[in-house]
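There are 2 protein chains.
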Amino acid sequence: MFDTDVYVRRRKTLIGKMSSAPQGRRGIAIFPGNAEAPQNYRGNDYRFRQESSFLYFWGIDEPGYAAILDLDSGQETVYADDVDIADIIWMGPQPSVQSKAERVGVARSAPASEFGKAVAAAKSQGRTVHFLPPSRYYNTLLLSSLLGVPAEAVRKTAPVQGGTGCCGKAVTASEELVRAVISMRLIKEPCEIEEIDKACGIGWLMHTEARRGCRPGAREQDIVGRMEGITISKGWGVSFTTILSQNGETLHNHSHHQTITPGRLLLIDAGAESNTHYASDFTRTYPCSGKFTTQQREIYDIVESCNELAFSLSKPGITYRQIHLAVARHMLEGLSGLGIVRGDIDEMVAEGTAGLFMPHGLGHNMGIDVHDMEDLGEDLVGYDEDQKRSSQLGLGSLRMARRLCPGHVITDEPGIYFIPALIRKWKIEGTDKGFVNFPALEKYHGFGGIRLEDDVLITEDGARRLGPERLPIKSDEIESIMAEERL
Amino acid sequence: MFDTDVYVRRRKTLIGKMSSAPQGRRGIAIFPGNAEAPQNYRGNDYRFRQESSFLYFWGIDEPGYAAILDLDSGQETVYADDVDIADIIWMGPQPSVQSKAERVGVARSAPASEFGKAVAAAKSQGRTVHFLPPSRYYNTLLLSSLLGVPAEAVRKTAPVQGGTGCCGKAVTASEELVRAVISMRLIKEPCEIEEIDKACGIGWLMHTEARRGCRPGAREQDIVGRMEGITISKGWGVSFTTILSQNGETLHNHSHHQTITPGRLLLIDAGAESNTHYASDFTRTYPCSGKFTTQQREIYDIVESCNELAFSLSKPGITYRQIHLAVARHMLEGLSGLGIVRGDIDEMVAEGTAGLFMPHGLGHNMGIDVHDMEDLGEDLVGYDEDQKRSSQLGLGSLRMARRLCPGHVITDEPGIYFIPALIRKWKIEGTDKGFVNFPALEKYHGFGGIRLEDDVLITEDGARRLGPERLPIKSDEIESIMAEERL
Chain A
252 MFDTDVYVRR RKTLIGKMSS APQGRRGIAI FPGNAEAPQN YRGNDYRFRQ ESSFLYFWGI
312 DEPGYAAILD LDSGQETVYA DDVDIADIIW MGPQPSVQSK AERVGVARSA PASEFGKAVA
372 AAKSQGRTVH FLPPSRYYNT LLLSSLLGVP AEAVRKTAPV QGGTGCCGKA VTASEELVRA
432 VISMRLIKEP CEIEEIDKAC GIGWLMHTEA RRGCRPGARE QDIVGRMEGI TISKGWGVSF
492 TTILSQNGET LHNHSHHQTI TPGRLLLIDA GAESNTHYAS DFTRTYPCSG KFTTQQREIY
552 DIVESCNELA FSLSKPGITY RQIHLAVARH MLEGLSGLGI VRGDIDEMVA EGTAGLFMPH
612 GLGHNMGIDV HDMEDLGEDL VGYDEDQKRS SQLGLGSLRM ARRLCPGHVI TDEPGIYFIP
672 ALIRKWKIEG TDKGFVNFPA LEKYHGFGGI RLEDDVLITE DGARRLGPER LPIKSDEIES
732 IMAEERL
Chain B
252 MFDTDVYVRR RKTLIGKMSS APQGRRGIAI FPGNAEAPQN YRGNDYRFRQ ESSFLYFWGI
312 DEPGYAAILD LDSGQETVYA DDVDIADIIW MGPQPSVQSK AERVGVARSA PASEFGKAVA
372 AAKSQGRTVH FLPPSRYYNT LLLSSLLGVP AEAVRKTAPV QGGTGCCGKA VTASEELVRA
432 VISMRLIKEP CEIEEIDKAC GIGWLMHTEA RRGCRPGARE QDIVGRMEGI TISKGWGVSF
492 TTILSQNGET LHNHSHHQTI TPGRLLLIDA GAESNTHYAS DFTRTYPCSG KFTTQQREIY
552 DIVESCNELA FSLSKPGITY RQIHLAVARH MLEGLSGLGI VRGDIDEMVA EGTAGLFMPH
612 GLGHNMGIDV HDMEDLGEDL VGYDEDQKRS SQLGLGSLRM ARRLCPGHVI TDEPGIYFIP
672 ALIRKWKIEG TDKGFVNFPA LEKYHGFGGI RLEDDVLITE DGARRLGPER LPIKSDEIES
732 IMAEERL
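Going down the list, the sequences are from chains A and B. Going by this note's numbering, the first residue of the first sequence is number 252, and it counts up by one from there. Going by this note's numbering, the first residue of the second sequence is number 252, and it counts up by one from there.
Check before you lean on any hint, since a few could be wrong.
[To be verified] Coverage of chain A stretches by chain B, computed from C-beta distances (three or more under 8 Å per stretch; other residues unrestricted): (1) 329 to 343; (2) 388 to 398; (3) 442 to 450.
To be clear, the hints were calculated from the coordinates, so they are not data collected in a lab. For every residue, glycine included, the Cβ atom is placed at its ideal position computed from N, Cα and C.
Use the sequences and the hints to build the structure in full.
Right, dumping it as structure tokens:
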């Protein structure tokens, strides 16, 4: 948890941003925190994760909390119940709700049941009730019940199509609130960057453990357990389900039942969440033999130079869409050099040929969520007003396209994959427009995929890779470290 | 996953049990499997955990599945969608839904959207729709929408108060289905016992790691990470959130921010879930110094002998309620020997004096859920028809009171805790009826708590502790092992 004044300042800024209506007609902004999430039965819950915007504005990292910010009077209230003797037996003595509220600079607290009453009172007075689209099904049910509308309406409403509140108008998440929150969370404060650096430090440890564990005969699941153990020892846990696979051509591969096999590549995309819930997200790809084959090294070096290019271009003023396209061009040049594609590079970039090899975007925003604020609307988070999302494979998946500003934290994660089903589809459908040398591609059947990812902060005049130390990435460096570690 | 015939047999047995109505009027039993559960945003999900009864009858361990058992025709159908090219890019090629259905002996599969239609068709024909009470909020929303009733009605309806289906009658979970499922899952099959033994083996490893890590200066969180890493390396993960605390008097203490301190006790209640989702659940309590103080050893030995007593009494024919009471008596005798309680033991047992020291039950059923089937209704699962749940502190929390049968898997987990708030309350309110020597209790302020838990299978003529090897438990044994491990 940060210092009290961090939360006080954030809420004050939010009120300032929520001033499109004249004072007295602004309404309230409601923040239901997360409840426990049942794993297999109620009472056996997943590790508790607080709702991200609740954490950002109200800081209290416990289930059963909610808060209301009155945009007209400025009154702030935290809602939760104090513990009783049964709670003390099972969960131990707890500070009072009031003292927890004061810790984050909120003077007023009330029992949990008052939250619904306050929402109902605002509704009945015809005041606007602003809320963010809920991520969890529990909060979907709660908002549905409080606002008196079907669950599907609360949940399905994307803020981009939404109205501005719930009363008299369409009952949707409030686009005004969503935009205000995005504008704040997108630019990381120094205290946040410090936490992301910590999460990156844990990520470094988990990836180092993985590289050391990548030896022929090792079980993938064993390595994953050791990596995730580190995230629990040092932080909250993983920031997303670990991807560790010799089938790296499957972008989000969560199966870990294979044994490390010489000659294959092991792709590891994994990150940690700090105890304060800031994320890291790194990808490295290792040769299971400890040495790359010539074919592997050729592709690896292209991906590595794409990663480097993206970083070198990252600075305020340029859009991440431009950098994605520069990377696509560089990648196609490399693949052209290997005879995998052929023809005019400009045309290939325009036609989206790179999408066959990298069917995802170059990166995404990262913060309290590893894909920061994804549920507030990917386009609102990742695109400027004057940008339109592409429908091309690859570029269309770009989550962060915005013009870069100091304080943006983004991932830089180019990749090249040889996906049999996708290659077959492009070949049959002629999607490649003749740019792809399919016979040459046959040699890459069973290759897998390579992705190399760092976390990057945009600074005043450039960029900085986050974390106390960069994970080794150059192909020579990887081979010499793996040789040393296997001694 | 078990052999195909296991699932075929289970569903056949279930149909046999669901025959209270004449053939042709039995209706359908619907089984919505679990969806992914969002952690902080949709798309960043917790590790997927299938719905336990879905796993039991349908075996398929993936999100997005549902199944229907037609109790009149015997027709079985699995519902899910095959993958498309976008899925293949992100999740890899997958066997077809049809082939997955056949693997568990189901001849018929259909797209996910057909599930809702089949339920609607049954409803419109006036057929009974049997369902189990949903644990997850997602399935609550789904059932609410399919059955056309408010979410609260689907979710809040306890089966004990419920009707027998949804059509024309009260819309509640089906008590008939709940009872049939409980009667089956309660008695573990040999293939299930083998899996629980495996989960106990992983539990042994994690507890051994914890004991070795219990050294002055170590951080609790570090130990927890290493334990949980083992459960991910060897199985699915933890079967419940790890309890590891020097404040053992808090029964479910999930905070791990302290440093191991000489003189204190470290209580560890933790278990693993096997890759096939069977649970283990063990508790041990260690002296942080490596040696017990006299006071600690006195209490420890009482708890250890309670654990032993419960095990020695466990065999078919006796109720677990009787064993809980025998343990309470034995515990009070021990505490009486230390001068902590005084008076007639029979009266103390009857008055529930043991509840001050052990405010929980002796144990619970364990299987696919660590508290097996808790959401089907604690009393239906843990109590025979002729048993009534007590309202006393301690005995009232007994989750498993039934007459023991071969195939029951239960925990044996006595504990003694000195809970300042509870002691104060009993003193002020006179709840102890004069049996408690409060001045003597003052010496135990800051003592913490001790719990010792094993997992036990009821056999034809007695009981067997589960797992390949028992975790050391005798006080002498603990001290000598800890001394050795610290060399």
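Structure versus earlier hints, numbers of those that do not hold, lowest first: Hint check: 3 fails alone, others pass.
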